Amino acid sequence: MTEVTEVAARLDALEKRLGIAEDELAIIRLVASYGPLVDSGSPDLAPDLLAEDGVYDVSYGRMTGPAAFSALLKDPEHLNAVKSGIAHVMGLPWVRVDGDRAVAINCTQIYLRKDGEYAIFRIAQNVWKLERRPQGWKIIERTNRLIGEGDDARALLEAAI
Amino acid sequence: MTEVTEVAARLDALEKRLGIAEDELAIIRLVASYGPLVDSGSPDLAPDLLAEDGVYDVSYGRMTGPAAFSALLKDPEHLNAVKSGIAHVMGLPWVRVDGDRAVAINCTQIYLRKDGEYAIFRIAQNVWKLERRPQGWKIIERTNRLIGEGDDARALLEAAI
Amino acid sequence: MTEVTEVAARLDALEKRLGIAEDELAIIRLVASYGPLVDSGSPDLAPDLLAEDGVYDVSYGRMTGPAAFSALLKDPEHLNAVKSGIAHVMGLPWVRVDGDRAVAINCTQIYLRKDGEYAIFRIAQNVWKLERRPQGWKIIERTNRLIGEGDDARALLEAAI
Chain A
1 MTEVTEVAAR LDALEKRLGI AEDELAIIRL VASYGPLVDS GSPDLAPDLL
51 AEDGVYDVSY GRMTGPAAFS ALLKDPEHLN AVKSGIAHVM GLPWVRVDGD
101 RAVAINCTQI YLRKDGEYAI FRIAQNVWKL ERRPQGWKII ERTNRLIGEG
151 DDARALLEAA I
Chain B
1 MTEVTEVAAR LDALEKRLGI AEDELAIIRL VASYGPLVDS GSPDLAPDLL
51 AEDGVYDVSY GRMTGPAAFS ALLKDPEHLN AVKSGIAHVM GLPWVRVDGD
101 RAVAINCTQI YLRKDGEYAI FRIAQNVWKL ERRPQGWKII ERTNRLIGEG
151 DDARALLEAA I
Chain C
1 MTEVTEVAAR LDALEKRLGI AEDELAIIRL VASYGPLVDS GSPDLAPDLL
51 AEDGVYDVSY GRMTGPAAFS ALLKDPEHLN AVKSGIAHVM GLPWVRVDGD
101 RAVAINCTQI YLRKDGEYAI FRIAQNVWKL ERRPQGWKII ERTNRLIGEG
151 DDARALLEAA I
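From first to last, the protein sequence lines stand for chains A, B and C. Just so we're aligned, residue 1 is where the first sequence starts under this note's numbering, counting upward by one. Just so we're aligned, residue 1 is where the second sequence starts under this note's numbering, counting upward by one. Just so we're aligned, residue 1 is where the third sequence starts under this note's numbering, counting upward by one.
Next up, chain A with everything else stripped away, as it sits in the complex:
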């Protein structure tokens, strides 16, 4: 029956397209959640965005898995920054979804409050590689490079584009 086939095809197409839009929104949400989760001071919430085998590669080191990332958030220097006032601001992510994988590129800005004044602490380019896992989208690899440290940040963007 032609009508039934046509209806099924339109439903299939809609479900597929909507799934992609939902994935894009889920990844925007994941990136957006990172800032508040870290700034809340909890050492466990932001690491949970990382897959068990996920890597967080920052200029000062490379960590694998949520536990290693949690340890970083328990560092006295980070805890002091949370206490005196810090904001991890997530720049608008450029999200590209491809099936069960996705890449998001954004620029993160970290601000501190010091002696009543606001200061820029770090400006970094970020490439987030994500994968759909049973619990939802997870970070497989996040690479973060400060601007103005040689060619690192620019090269990171170029490789990801």
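These are calculated hints, taken from the structure and not from any lab test. None of these values were measured; they are calculated from a predicted model. Honestly, I wouldn't trust all of these hints.
It does not matter which identical chain is meant; a pair holds if it fits inside one copy or across any two.
Below 20 angstroms or equal to it, Euclidean Cα-Cα: the simulated DMTMM-like pairs (lysine to aspartate or glutamate) are [what the hints assert, rightly or not]:
#, residue 1, residue 2
1, Lys-74, Asp-44
2, Lys-16, Glu-6
3, Lys-83, Glu-149
4, Lys-114, Asp-151
5, Lys-114, Asp-152
6, Lys-83, Glu-158
7, Lys-83, Asp-152
8, Lys-83, Asp-44
9, Lys-74, Asp-151
10, Lys-16, Asp-100
11, Lys-83, Asp-151
12, Lys-129, Asp-152
13, Lys-114, Glu-149
14, Lys-129, Asp-48
For this one, chain A is given, so just place chains B and C on it according to the hints.
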């Protein structure tokens, strides 16, 4: 008829899922509109985002309803800032929709231009509680806390997560 | 047959609504891509977001078409900024889609790294007029005005709201 039932179920599911995605986009749009509406200098546009019974709770006071918020935007200090150059930049909101209610968390950055130089005026964490009203999504309560003023901003995030 | 007509009407409505949500996401993606495309140092990628007849109107000039914009990105001053460290951060865009046209309003922040310190280089209000073209959404006109240069930035916002 099985086919008809199946088609109806798929349509129902699609309409529900799409509605949630549309709500999420509507709330991103609402938060995004706040900056330009305030920076345009109009004292009435941004307050219209607030429900009649909506509360705007800032570190220096707590206002209820659009009229009270409009009064703030007519304050000479605010008008001078608009004149000399101000930008209310809305950080990426982390939006969670739950039926006719939603919560968005973001960090707002306010910049000023002073003697040709740019300065950071305020960095604040924000929790926006929203509700679907006959005219669309409206702010029921927005709480804004500067970073580095005791534990206020961090505690606000923790309570909302 | 009533059922068939009803199913077709629901499918039509879903396809239309989903198309609008997809357009909004596509425009968020386009704006988000601008920062990394410029910061990668490539003089051709960001200009490709502009329509052939598209205009980029900045405080220091008005360019028409991708080639004129590419020339700007090959300017030694810009290349030096890319080399020493620059980040074009796209503020959250307020997107309004109307059929094959759309308007996005956002605030852009440009940061530099200078002698190890971060500095704010430019804070500007932006109005992006977009159109659906055969290759997808393209910028027809982007106007960018620095805050605190007379009334330009505020007036730009007011006209676009």
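### Task
Starting from the hint list further up, note which numbers the structure goes against and sort them upward.
none
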